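J.: For reference, the chains in residue letters:
Number of protein chains: 6
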Amino acid sequence: MSSAAFDVLRKVTTATITTMLLKKGIRRCWMNGPKPLVPGGERLIGPAFTLRFVPAREDLATPESWGKPISTRAAIESMPENVIAVADAMGIQTAGIFGDILCARMKKRHVTALVTDGVLRDRSGVLASGLPVWCAGMAAPASVNGLTFVGWNEPIGCGGVAIFPGDIVVVDDDGAVVIPHDLLDFVAHEGAEHELYESWVFTEVEKGAKLPGLYPPNDDAKVRYAEWRRQLG
Amino acid sequence: MSSAAFDVLRKVTTATITTMLLKKGIRRCWMNGPKPLVPGGERLIGPAFTLRFVPAREDLATPESWGKPISTRAAIESMPENVIAVADAMGIQTAGIFGDILCARMKKRHVTALVTDGVLRDRSGVLASGLPVWCAGMAAPASVNGLTFVGWNEPIGCGGVAIFPGDIVVVDDDGAVVIPHDLLDFVAHEGAEHELYESWVFTEVEKGAKLPGLYPPNDDAKVRYAEWRRQLG
Amino acid sequence: MSSAAFDVLRKVTTATITTMLLKKGIRRCWMNGPKPLVPGGERLIGPAFTLRFVPAREDLATPESWGKPISTRAAIESMPENVIAVADAMGIQTAGIFGDILCARMKKRHVTALVTDGVLRDRSGVLASGLPVWCAGMAAPASVNGLTFVGWNEPIGCGGVAIFPGDIVVVDDDGAVVIPHDLLDFVAHEGAEHELYESWVFTEVEKGAKLPGLYPPNDDAKVRYAEWRRQLG
Amino acid sequence: MSSAAFDVLRKVTTATITTMLLKKGIRRCWMNGPKPLVPGGERLIGPAFTLRFVPAREDLATPESWGKPISTRAAIESMPENVIAVADAMGIQTAGIFGDILCARMKKRHVTALVTDGVLRDRSGVLASGLPVWCAGMAAPASVNGLTFVGWNEPIGCGGVAIFPGDIVVVDDDGAVVIPHDLLDFVAHEGAEHELYESWVFTEVEKGAKLPGLYPPNDDAKVRYAEWRRQLG
Amino acid sequence: MSSAAFDVLRKVTTATITTMLLKKGIRRCWMNGPKPLVPGGERLIGPAFTLRFVPAREDLATPESWGKPISTRAAIESMPENVIAVADAMGIQTAGIFGDILCARMKKRHVTALVTDGVLRDRSGVLASGLPVWCAGMAAPASVNGLTFVGWNEPIGCGGVAIFPGDIVVVDDDGAVVIPHDLLDFVAHEGAEHELYESWVFTEVEKGAKLPGLYPPNDDAKVRYAEWRRQLG
Amino acid sequence: MSSAAFDVLRKVTTATITTMLLKKGIRRCWMNGPKPLVPGGERLIGPAFTLRFVPAREDLATPESWGKPISTRAAIESMPENVIAVADAMGIQTAGIFGDILCARMKKRHVTALVTDGVLRDRSGVLASGLPVWCAGMAAPASVNGLTFVGWNEPIGCGGVAIFPGDIVVVDDDGAVVIPHDLLDFVAHEGAEHELYESWVFTEVEKGAKLPGLYPPNDDAKVRYAEWRRQLG
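Chains as they are written, first to last, in this note's numbering: chain Y, 1 to 233; chain F, 1 to 233; chain V, 1 to 233; chain C, 1 to 233; chain D, 1 to 233; chain L, 1 to 233.
FYI, nobody ran anything at the bench for these hints, they're computed from the structure.
Any given hint might turn out to be false.
If several chains are the same, the list does not tell them apart, and a pair holds so long as it fits within one copy or across any two.
Claimed, not checked - The calculated lysine to aspartate or glutamate pairs, modelled on EDC-like cross-linking and capped at a C-alpha distance of 20 Å, are: (1) K68 x E154; (2) K207 x E58; (3) K24 x E58; (4) K108 x E206; (5) K107 x E227; (6) K210 x E190.
Note that this is a predicted model, so its numbers are computed, not measured.
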């Protein structure tokens with residue numbers, strides 16, 4: 001992983017990241033569902049560590065299953081530091097995948113964040129754990145009420161998007177985006193440039209400039225921006 | 001009603017309550033839809049007083065219907081103190097079942113809370129009434145815009161769950177759960193024990209313990225917990 | 001436009017407006033989807049300036065399209081002061097119709113508010129622009145990721161409601177309602193009276209009055225209200 | 001019940017019935033969901049006999065519940081001849097409310113038809129029973145898998161429409177409509193006239209007439225239709 | 001319009017057409033919703049003539065509106081021969097956009113087919129009209145029950161796809177696809193070649209060939225297909 | 001696998017199978033979505049061979065991907081005879097997972113049936129292949145338009161139900177059910193008995209018997225059934 005690219009991307013909005021990916025023909029990169037449990041926090045980035053659920057079946061999804069070798073508990077103990085755990089809960093909103101204890105353990109293991117298209121349980125406990133969480137809401141019932149856990153570090157879907165182990169996940173107030181592994185450096189470089197351009201445009205708008213010809217720029221705007229960019233260094 | 005059980009359950013999360021009900025084979029107890037209008041308040045409990053709506057039909061659902069013997073007004077005047085009113089609005093989110101005036105009257109009659117899978121209207125007025133509300137959002141139109149009120153204290157569905165008069169409802173930040181009347185004492189007793197166990201587990205996790213073998217506990221963890229539990233008294 | 005009616009309606013809740021429209025047989029006037037990005041602000045009113053999107057097609061919905069004569073940029077430059085821009089995004093929640101720059105330009109042009117059944121992008125930037133926004137949430141991707149912009153000041157649908165240029169839009173914490181142009185004066189006059197009546201009812205409820213006979217009023221309540229209303233002047 | 005009106009309405013399409021109800025301001029009369037299990041059959045009419053379900057709860061919705069006093073079995077034995085049974089299954093499509101045996105018993109009791117916004121089970125058995133059925137599809141599981149039966153001849157919702165005992169139900173290939181009891185004669189009389197008018201229009205269209213001025217008619221068309229109508233007697 | 005391309009495409013499945021469009025980066029070309037009212041008919045093709053609806057509002061969507069200058073009647077009289085009429089009904093399934101009379105008039109005007117993401121009304125009458133129809137089902141109520149007609153030959157969305165006047169529409173048993181005007185010749189030429197290749201593959205599979213290496217072809221398969229193609233002439 | 005149990009279950013409806021599974025506490029066994037492409041065929045049974053898709057991402061889901069080692073083609077070549085292939089398409093209805101060629105190859109490999117909560121493409125070609133298919137409909141676009149194939153013989157969800165390799169799948173006109181491997185013999189034995197009982201009940205109903213006391217049986221009915229059962233041998 002390129003820590004330099006990570007440092008750059010911490011200053012690039014997920015909005016800009018999706019526009020850079022569109023330049024490469026990728027429209028399906030933003031997860032529909034995950035929202036910050038606590039809005040207004042800092043942007044986070046990390047490699048994806050995937051978790052996979054299928055629907056519950058009463059003979060499989062039991063509290064006893066929590067002690068099996070393939071369990072959310074075992075998955076958490078396999079997480080390296082600094083990953084972003086991404087859980088495919090098939091968008092089910094009636095069973096909370098994790099509660100306070102599992103979130104506390106993830107925090108202890110230096111997991112950067114938890115992202116899911118499903119929901120969590122025990123809101124006050126999860127908040128107390130200090131783990132940054134992006135999810136689709138809260139439900140009281142445990143995961144086994146609606147979900148069967150089947151494995152980790154497999155390809156998954158989350159919020160309508162494909163995520164493969166090794167892809168990069170970035171989360172901020174707009175939600176969660178995935179950057180395919182091979183596009184990390186492209187997105188970081190182009191994204192940083194784009195942010196600069198948008199900051200110049202914003203200044204122009206503040207001065208009263210009209211949008212047509214500015215964004216996207218016509219030749220005049222390109223010259224003026226180049227000058228501004230040159231002075232910036 | 002067992003007021004002792006009520007006192008116990010005020011300290012048990014709805015998350016834990018659903019897990020206790022799962023021990024009895026009950027998975028469908030959490031209402032999908034109702035959320036606290038004001039998060040972070042205290043947990044509330046009370047017997048369910050049900051309200052039932054069907055869809056609007058233009059000859060029935062009129063402002064004039066508010067004056068009929070079967071009306072939301074009459075239902076409210078029939079509510080005993082300390083109940084939790086649960087309204088089956090069929091999940092319809094385009095007509096607010098109650099506004100400020102009806103909520104104020106319920107508050108005056110010492111209703112504990114209002115729970116619905118539908119929405120309310122006049123957000124600032126409802127907040128001003130002081131009635132604790134769990135609902136699926138807000139809409140400006142009155143109930144008659146989308147709903148016809150047909151009765152109270154009948155069996156209803158709310159958020160995908162069956163609720164019968166006399167069942168017990170508990171609400172907190174994770175939403176609303178229903179406890180079948182006959183399971184109240186079981187849930188209270190087991191729930192209190194479970195909360196104790198989880199608080200010990202949380203302490204262990206804070207110390208750095210791994211999850212496998214801890215939750216659910218292996219023999220070693222059982223011994224250590226029993227010791228901790230014994231000292232607690 | 002009747003600025004007197006506008007002044008009256010700034011003190012009438014959207015809840016009351018929908019009830020007045022129901023007197024004229026209009027049930028479909030509240031938009032399902034738009035919610036205030038910042039709750040608790042003041043109620044806003046203005047004539048509707050409509051924006052229309054259709055679904056994205058990869059040959060049409062490109063960043064290059066932002067520079068075309070029919071573009072969101074050109075639409076914004078056509079907006080008169082004090083309008084409320086209403087965008088038909090077909091309820092799509094995976095592409096943000098506008099971000100910080102376009103909102104800043106609308107603010108600069110003295111647009112009163114932006115309303116959409118879709119979502120915006122770049123939450124912190126939009127908040128920084130100061131433009132009041134009613135929308136269905138946030139998504140990082142740009143409009144072209146899911147939408148093609150096709151025109152302005154045409155009839156549109158927004159949140160299940162028809163909106164024609166020249167209709168009046170009012171927004172508050174309950175969301176957004178549309179008043180057909182010809183009903184503006186009726187709604188303003190009746191709405192103001194209704195608010196007075198409800199404030200009297202609220203006072204009565206605070207004193208402990210029962211609802212039946214009060215709302216809607218029986219003959220006794222009518223007399224008492226008339227007296228109160230007379231004293232009010 | 002007016003059997004004369006019933007005889008008239010057997011020749012009036014449900015499409016025309018909804019247009020007649022619209023003349024009285026009623027837009028919500030067609031049930032979204034019920035479709036003929038066997039298309040192309042004859043139009044049927046009868047007074048509504050309602051059945052009501054709420055969601056399943058595992059302690060209530062059991063095969064044992066089929067033997068209780070409040071059960072689908074008891075409801076069927078209470079059905080008078082010639083009714084149309086209308087079941088509120090809340091649109092749930094994962095549990096079949098009735099199978100071959102219950103349909104066969106209803107047929108034996110001379111029930112005219114079964115209408116539901118839910119589904120049936122055992123398709124070949126239901127077809128073999130000979131009972132005309134309008135439903136939203138088929139599912140193998142029994143009602144108790146997703147539903148709890150709670151009563152009959154109560155007001156219900158079905159497919160987004162309110163239905164009260166005593167209302168009239170008409171079903172044909174377009175689905176199921178409800179006629180409020182008090183509007184039966186109006187709808188029958190106006191509907192029959194409207195069908196005549198449409199048959200004349202259809203003839204005109206076959207001759208090559210343009211639609212504007214014909215449907216709705218301008219003065220010339222009114223005269224020509226009156227002549228045609230007069231000759232018809 | 002290229003009638004030669006039309007003749008070619010009448011022999012190319014909509015499945016193949018979507019694959020050819022994917023070669024040009026276009027994934028959004030198949031309309032989700034329209035299905036043949038009568039399956040098993042011949043494949044049809046024609047330029048799109050668009051119709052646009054917005055939601056109903058009770059003051060606008062009335063039977064009287066059928067006589068206005070902007071009405072479905074006027075739109076039909078504006079249709080050239082051989083077009084495929086495509087109606088944006090926003091996927092609403094509770095109001096039938098057209099019934100027997102309007103379909104009969106379209107048939108009389110030599111309209112090739114009607115396509116909509118909404119529904120029709122009066123199933124037997126529509127079938128009797130002989131107009132080929134692709135729709136999402138049937139509902140008894142008239143368009144004004146849920147829709148307001150606002151114009152024709154504007155850009156629309158239908159089934160999640162953008163359609164501009166002049167685009168080409170092809171319908172068969174799999175549904176309806178749109179070909180952007182500029183891609184017509186490409187799709188016709190490539191599509192015809194692709195069908196040939198698939199017919200060869202199908203023959204190979206019938207002989208027992210394995211799929212890997214065949215579809216997509218490896219070098220050996222390419223040689224064998226080239227030989228078969230050469231002999232075909 | 002017990003071929004005797006298979007032979008028994010070919011005569012037991014999926015409706016009865018779900019009731020037998022309910023006796024073991026299993027409510028989630030019927031797949032919501034898969035329907036027979038050709039209704040009225042014979043009931044089929046086989047061990048599940050699972051296929052798994054995640055959402056499409058433009059860099060992964062390409063026609064080129066069809067030639068990769070992990071591809072639908074390779075999966076098909078791994079299928080043993082007599083399995084029922086079950087594909088988790090996440091209920092996506094805008095991309096057909098398989099068309100005529102892949103179905104023809106599965107037929108050639110003696111696959112018993114294909115079941116999916118998604119859709120197929122090229123309806124007439126799939127019918128021509130002769131492979132029995134249970135699916136949620138048809139769409140023209142290829143799988144890569146909306147889906148990325150990621151593996152086979154993994155645990156999957158299909159239609160809201162968990163399916164593990166080795167589970168047994170039964171399909172008939174009501175759709176598709178899964179029998180957990182360990183419950184096969186129980187379901188076969190109990191199911192056959194239950195079918196007998198239902199056939200006796202049906203006969204009784206034909207004779208005019210009332211349902212209460214018959215289904216479920218009271219003591220008298222039990223005696224009469226036992227006698228009938230005894231004579232049957």
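J.: Give a verdict on every hint.
T.: Results for each hint:
no. : hint        : verdict
1   : K68 x E154  : both (18 Å within a copy, 17 Å between copies)
2   : K207 x E58  : neither (63 Å within a copy, 34 Å between copies)
3   : K24 x E58   : between (44 Å within a copy, 9 Å between copies)
4   : K108 x E206 : between (45 Å within a copy, 8 Å between copies)
5   : K107 x E227 : neither (46 Å within a copy, 27 Å between copies)
6   : K210 x E190 : neither (25 Å within a copy, 42 Å between copies)
The structure is inconsistent with the numbered hints 2, 5 and 6, although it conforms to all the rest.
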